[in-house]
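From just these sequences and the hints, can you work out the full model?
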Amino acid sequence: MTAAADERTHDSAPADDVLAVAREQVLERGVGLTEQQVLEVLRLADDRLDDLLALAHEVRMRWCGPEVEVEGIISLKTGGCPEDCHFCSQSGRFPTPVRSAWLDIPGLVEAARQTALTGATEFCIVAAVRGPDARLLSQVRDGIKAIRESGNDIQIACSLGMLTQEQVDELVAMGVHRYNHNLETARSHFPNVVTTHSWEERWDTLRMVREAGMEVCSGGILGMGETAEQRAEFAVQLAELDPHEVPMNFLIPQPGTPYEAYEPIEGREALKLVGAFRLALPRTMLRFAGGRELTLGDLGAEKGMLGGVNAIIVGNYLTNLGRPAQRDLDMLADLKMPIKALSDTL
Amino acid sequence: MYCVHCGRPDAEGEHPGCRGPRAALEPPRFCPDCARRMVVQVTPVGWSARCSRHGDTTSAARTG
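Keeping their order, the protein sequence lines are chains A and B. Reminder that position 203 of the first sequence reads as 203 in the UniProt record's numbering, one-by-one numbering, no gaps. Reminder that position 20 of the second sequence reads as 20 in the UniProt record's numbering, one-by-one numbering, no gaps.
To be clear, the hints were calculated from the coordinates, so they are not data collected in a lab. Watch out, some of these pointers could steer you wrong.
DEER-style ranges, computed between Cβ atoms [to be verified]:
1. Asp47(A) with His15(B): 34 to 40 angstroms
2. Glu302(A) with His54(B): 39 to 45 angstroms
3. Arg36(B) with Ser198(A): 35 to 41 angstroms
4. Gly297(A) with His15(B): 20 to 26 angstroms
5. Arg37(B) with Ala45(A): 42 to 48 angstroms
6. Asp47(A) with Gly20(B): 25 to 31 angstroms
7. Asp33(B) with Val31(A): 37 to 43 angstroms
8. Asp33(B) with Pro66(A): 38 to 44 angstroms
9. Arg37(B) with Gly65(A): 43 to 49 angstroms
10. Asp142(A) with Glu14(B): 45 to 51 angstroms
11. Gly17(B) with Glu170(A): 39 to 45 angstroms
12. Asp10(B) with Glu170(A): 30 to 36 angstroms
13. His54(B) with Ala45(A): 50 to 56 angstroms
Heads up, the beta-carbon is just placed ideally off N, CA and C, and yes, glycines get one too.
See below:
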């Protein structure tokens, strides 16, 4: 936006306009939007989208800085999950085409190597389980040891479902520095998405993770039939959790799941969510995760990076393919956004 | 030959869900030779798929 256009926007905005309020509250003071304010942002007319994204970008630059954290993820144990998360092709309860698979240790080491070669500083090991059993934890322990012995010092995160305190302590001892466990959606919508466990059980795991000193990573999936009110509710519930990182996924309807016929979120709506979540979470790492390729395409992804996002998963996801990592790295170079270096994270 | 996304014969029907933008984000799930469901591992830069009858294939083999 030019200086003249910027001035015009601010001059024409009434004092109670939610973006004018956000400029003072979020940008100047670093105080995230309330639930009602997030809802107002989500209800902005489409012709205010550019203003929203410009402000969200300013907030990100002011409170998080210019660097972008790049991450790769790998599925250590795929499919056969006993839970019924309605969005997930890995649930054993739905007739999806995904078959169970375990990745062996050499495969895990190779995936970590491929991830590090992209310049990523973060490698997340994921398993489709309710929670880890002894076999899975043993595989994670052996895998981390083998990654380190290969000379790869990339930061390692895990996402292994719900944990006991003992398991949290074990992961800390293994050197896992961040734990992902998505709340997935607003508390009020969660029972429509998952019936085999509760939102509160997820919250309890996240509380233990934080208390044990690991970084908390928790976000969710947008486009699962939630209302605008529930999206606002979700944003402030995440703000209350105050995670280190929030991954934002947009639903990719998976064949065989209860949500297979859902329409992906429309691009402008997704961008509005990006801006709104940034204004609710000014200091939090906001990561583009699954579904952006389908929802936003290349141009939308760039707009999101200029609209509050400051982290990205590169390459493929767990069961879905992403765009080639190099395209995202080229995009960051074009946008002159520096990739966070490993030395900055240690 | 069979559709790698749904396992039905390639020439049978229109496969609208198998040729759209969503399918472009899916690795193959069914063996193109026998339609068996394959064991698929997605990695950060590719995928591998194993059919119990016809063996392994990878994204590298498909593209290169």
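Self-check item: Hints breached by this structure
Solution: Numbers 7, 8, 12 - these are the hints that the structure violates, sorted from lowest upward.
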